[in-house]
Structures are given as structure tokens and as C-alpha cells.
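Chain A is fixed; fit chains B and C onto it per the hints.
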Amino acid sequence: MEIPESVKKRLTLPAEEHFYAGHTACQGCGASLGLRYVLKAYGKKTIVTIPACCSTIIAGAWPYSTLDANLFHTAFETTGAVISGIEAALKALGYKVKGEDGVMVVGWAGDGGTADIGLQALSGFLERGHDAVYIMYDNEAYMNTGIQRSGSTPYGAWTTNTPGGKKHFLEKRHKKKVIDIVIAHEIPYAATASDAYPEDFIRKLKKAQNTPGPSFIQLFAPCPTGWRSPTDKSIEIARLAVQTAYFPLFEYENGKYKINMPSTKKEPKPIEEFLKYQGRFKYMTKEDIQILQEWVNHEWERLQKLAEVFG
Amino acid sequence: MDYKPIRKVVSGNYAAAYAVKHARVQVVAAYPITPQTSIIEKIAEFIANGEADIQYVPVESEHSAMAATIGASATGARAFTATAAQGLALMHEMLHWASGSRLPIVMVDVNRAMAPPWSVWDDQTDSLAQRDTGWMQFYAENNQEVYDGVLMSYKVAEQVNVPIMVVESAFILSHTYDVVEMIPQELVDEFLPPRKPLYTLTDFDNPISVGALATPNDYYEFRYKLAKAHEEAKEVIKKVGREFGERFGRDYSSMIETDHVDDADFVFMGMGSLMGTVKQAVDILRSEGYKVGYAKVRWFRPFPKEELKEIAESVKGIAVLDRNFSFGQEGILFNEAKGALYGTGAEPLIKDYIVGLGGRDFTVPDVKAIAEDMKRLIEKGELDREVDWYHLKR
Amino acid sequence: MAESPFKADIERVGKEYSEKMTPGAIATIPGSSVINKTGSWRVFMPEFNRDKCVRCYLCYIYCPEPAIYLDEENFPVFDYDYCKGCGICANECPTDAIIMVRESK
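Protein chains in written order, with my numbering: chain A, 1 to 311; chain B, 1 to 394; chain C, 1 to 105.
Chain A on its own, in the form it takes in the complex:
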């Protein structure tokens, strides 16, 4: 259906839709929204690789497909390796990869398939310098298998294998900073993004498209099912995550850090704002919330210092 020019001018996102409804994501799913944005940014000249994750199911069981783009399903830990192979084959076959009219090779993996089992393949992909984009959509647990903890699960979060209980709650480990691991590879472009800021996410996707070499974007994608939050609050939670500096948005481009949000000129909102809608944090005591707040403060301060020194 044609979207009129007047609307296209006012729309802050590309108007084309390459992601169709009818998929089986939960109500209020941040992952499906994220994939919708990726396809809006890159259009049809895209090859997407999806490992085992919620998106495997969202993308549709055989013979249906929800994406209007080429899609290769692959094993859990292989996203980084498969996009390397696809990129190499495109070059061997004479295609232009990345750039305005080039083919976009996208690895779309969850936090489990990136931070844990897929970390080796991701590291290999980044180190070898392939021209592709790896997007980790972070819903902070292994959601597809029923909400088990991952390395990306934050302190205090309930999951089915770190539940709260009468004796202890089991998630005393802080969130693994995958973005720092990625930046340690000194790739040309890495960034964090959030579902609540789609224009920013698409801008970063476009920048990744036009930056040769490997690119990485970590997308904060709320999961109402796993986070025990109301389905209509998904975008608000994604916004609060940024505003409390729990998940700051920043870019790493050619060795320089640039913080997008929240503003460094004022104090970020207290972490309780982020926790308030999410049932998964209900086992936390005041001390636990303080511990989480201190971690957020520490990481936020560290990021600000990095932006100052390497700005």
C-alpha cells in the first residue's frame, strides 16, 4: 500500500514495511518490534540469520514466513560464523556488501545466543573483520526456552532457574557487559539502542550499513512475559531503562565513545523507576536494590569517564 509523500515526510522512520503481522510473538514483544525496525532500515536487499531464539518462532514455522527478506535459520551458537560465511560467499560471487546499495548481512540473535553460547562465534566474526552487522536483542534471559537466566540477566531478576524463594533468591550476578567485550575487539562501529528510541536505533543501523567492517548493536528489547510486566508498558520500560542509566545509549566509533542518552548534565532517574513495572524484581530487598543502584552508578560513571577521555 502506498504511503503518501506528505506522511512519509512526517514519519520519522522509513515508511516501507518488510515485517508482516500474524506472527506468534507475545503481546507487547520487544524483539518483534526490534526486527520490524531492522527490516525498515535495511529493506529487501538483506540476508538475515536467526539462531535458536524467540525470533526463530516469531519468524514463522514452515511454510510461513513473517519476513519479506531472505532468512537463514541456524544453530544456536553459530550466528557469528554463519554471517561470516554468507559475507564471504557474497564477495566470492561478486556482490557488493554493505554501503548504500550493497547487500546487508544481518545476524539477529538473542542475548543467550550472543553473550553465552554464541560468544566465541561473535568474537571470531568481530576479529576477522567481516562486513556484516550483528544485532543482539537483549531481553535479559533465555526466553524461548521458558525464561532461564543468561549472562545478560541483571542482579536480582527472577528467572525460572534463578527463582526467588523462602531461603534465597539466586541471581546475585551482575549483567554481563557484552558491549564492552565487543568494544575490546576495536571494531569500527558498536552501539547500544533501545526499542523506545526507534529513530535512534534506525540511525545507528544506517550508520552500521555505511561503516565498512563488522558492526555490533545491542538492542534493549523488553519481554513482558519473562519480566512479568504489563504488556502495554513495554516501550515505557525500555524508555525508563535508558533514563535511569541502567541501559545507557552510546556509540563507539573508531575508538571514540559518544553518549546519546541519558543526558550527562543531570542525574539519571533512580533505579526504582525502572524496577517498578517489572514483577521479576519483586524478590529484591532494599539492600538488593541499593546493590543494583550502585552497579548502575558505577557503570554509568565509567562510561562517562570513557566518553571524556576517548570522546
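None of these hints come from the bench; they were simulated from the model. Mixed in with the good hints, there may be bad ones.
Each computed SDA-like pair below joins lysine to any residue, with the alpha-carbon atoms no more than 20 Å apart [unchecked claim]: (1) Lys8(A) - Val77(C); (2) Lys45(A) - Thr202(B); (3) Lys96(A) - Thr200(B).
Relative to the frame of chain A, chains B and C by itself:
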């Protein structure tokens, strides 16, 4: 154009590398492991000297090697990888993925013993342990067959869309130099034209999705398709083998290479380089009056049931030489052969000799001793035992 | 009323499904997920008040399905065939032009 072979003295690994170059492979993603390393080293040398136009992906593990090869093949390129023992075991999950995705990948596996204990020497258990993954398997007896095997495998694989592993012995073939007749590039190009993929990920106007979830309502039929492809591959293998023979003088039109079967009391059956020793010994034994022959199984998957039945009908005994073992059962080739012959009416005495595990040397005197044993058992008319750990010293 | 963009050749999907089992489990029709009308999942449905709408398009931008598209006058249209009733549109609408009401079937 007349076929004028180019003779080179190369190792089995280098023969494989030359075959990869001549087959105009487009993407190689491999991880080093002894004794496969010289394959990928030689390929890298070709690329560096501009002799081959290959995208080389130095991956960070064998699992990623197969994953990257799968990605490349799905995109439409001709892809290759190589590995051995531990590496092959590590990529086991992705072997299933390659065959399920119906990708014509060719991989050279250098047969090496599985650890622990660590061993880098010849042993067939690594490749045979992958016999259920849906890959076809070709066992090379000598360096020439490694070279020919890779070229033929691309032609067969791209017709039936099933991946193939070309298997060679660690060190005995991989690192031992021998004369190999190579084929001039123009003639290889005639034999092996560019790949026409079953599907590609590069049709951006008609995008596809590959390998999604299949419910119990559908999965069964997908597996049946792969099984049917293996059955149909038997004819393709024979046709391509015959064509290879007509073009280049070395015939591969049978899945089991045999000799002296018609006038033999029993045959030696086995795979790979140990059959070279057997061929030598058979000549000597025949000159000493033994009525023996050999059946060299070239293709283990798809298993050549029909040819095996013909052989079994004309002999009184089969001595199976297994350089492998399936724990809790018996030697793998023996087990499969017995199973294939059940109910066919052909019932020679079949005995399993477990030889050469971990690269223990399998020599002509060993073959002669086994011949003695088989001769005695055939005269008696019954086996003393089914499985003989022949090489057991202590 | 504009035409829903969520169209795919559904008859072709049905036909290929039964006749042509593509080896490798290849799905050849992009967007064929539209055969699944997820609107049946709803408990609450978005009720749209056109008078209050300022055409900021936030509902269109944030819908995860997406089940909102734009008509000739550039107002959002809610495709109740696919709307799962998550309520994000109502939560994000700055003028309360969208209210979630319990659906009576």
C-alpha cells in the same frame, strides 16, 4: 582436447588442495588440526600467489568452520572445508545442519583416532561415528583417489544436494608423497561446470526462508526426502564415476572396487589406505596358491547393499578389516555389512578383524596371517568368534 | 478506508504447503504469516477516537505486530484481524486518543 595428465609428486593433503583449486571452490572456511593443516596451508598459498580466487575464512573453531561453510553454500557459492577427529566430532551438530539444509558441501576428513588418549594417527572411528548425519562418505585408498574423490564429489553433491565427505588416512596418505595425475583446468571445467544452486539467499525480489520450524505434521517428509536423495545418489555416483573413467581413464563406476572375486574362496573387505596393503598381499597370496580376492568399499554412505550382495553370493567367506570400533557392538563396517546381507540369502562366513586402531601398522604379514585364519575357518565351516581383536598385544 | 497492506498470496501458500515440500524446509512466500489472524488472542482492544488524534504516528511506530497502518487521510487504522490487544499504542498515545476497552465477543 586430449587428456594429457599433469604428474605431480604430492602428499594426500596437497592432492586435496589441488583438487579444491581445480574445482574452482569459492569459499573455504577451516580450522587447523593435525593432520589436516597442510590442506588449508596449501590452499592459502594458492590464494596468496593469485593461483586461486577463493574467499578464505580463518574461523575460530571447527563448529564455526562448518557453520561458515554452510552459510557460504546457502548463499550459492561452492564451499569447502577440512578437518579430522576432534574437529569432526566438534562440528557434529552442524553436519546434521548441512545435510538437512541440502547443501552440496564437500569436506575432506583426515581419519584420525579419537582422544583420549591423544593420538594423531590413522583410525576410521571419527568419520564412521558420523554415519548417521546424512552425509555421503567416500574413502580414498591413495593420494590419487583423494584428488579424484574431491572432483567427483562436487559433481555428485551438486546433483543430489547432499554433502559429501572425502576421507583419507592420517599420515599414511595425508603426509606421504606419491605420484598423482592431475587434470588440466580446462578439462576439469568441462567435467565440473559452475554450480547451479537448488536455492540461494541472493534473490532479493523473491526472498525465501530456509530451515524454519517443522511440526510433526511435516518433519517426517523432509527426512524422507533426504533419505530418497541418498538412494538416488547411488545411480548418480555410478554415472559420474563412469564419466570420470571415460574422460580421464580412471573408472569409479562401482561403489565397491573388487578383484578376483569370481574365483575366490573369500575376500578381504575394508576401506581406505589399508586396502592398498591388502591389494599387495592378495597378489602375493594368490601366487602362493590361496584363493583370495578383495572388495574395497569406496562409498560407505550411501551403503552399497546391492553390490555387496553380489559379492557375498560368489564367495564362501568375507574377512572384514575394521580400523574402527563401535563400543558395545562390533566393528562398524562388519556390522553394516552383516545387516545389509541379512535376509538376502547370501550367507558367507563373515568375520570381523579389528586392526590398526590409533595408527598401529597394518602390514602384508598381517594380511597373510588373517588369510591363514580365514582359510582354516572356511575349511571348518564355522567361525571361532565373530570379532577378532587381531592386533591385541597385551 | 484504505486497503490493508497485510496481504500475501495465501491461496498459494496453502497449495504449496500440500504439494511442494521444498527440500531443506524452504518457505518461499514472504509475509505468509498473515494467514494467522492473531486478533483472536485479544482480551482488550484499542478504541480509537479520531477527533483527539494529532497524527503523531507513535502508535504506528510502536506497534510490535505491526497491526496499525495509515489511511488516505494519514490517520492510523487498526487492523483488528491482527491486533493482539497489548495496549502499547494506548500507553504511548500522547492525547489519549486510544483507550483499551474490554472486548465483548
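Next on the checklist: Hint check: Lys8(A) vs Val77(C), CA-CA at most 20 Å. Holds or violated?
Outcome noted: 16 Å, holds
Checklist entry - If you draw a straight line from the CA of Lys96(A) to the CA of Thr200(B), is it 20 Å or shorter? => result Since the Cα atoms of Lys96(A) and Thr200(B) sit roughly 16 Å apart, the hinted pair holds (cutoff 20 Å).
Next on the checklist: Need the status of pair Lys45(A), Thr202(B): alpha-carbon distance at most 20 Å?
Outcome noted: 8 Å, holds
Going through the hint list in order, the structure satisfies each hint without exception.
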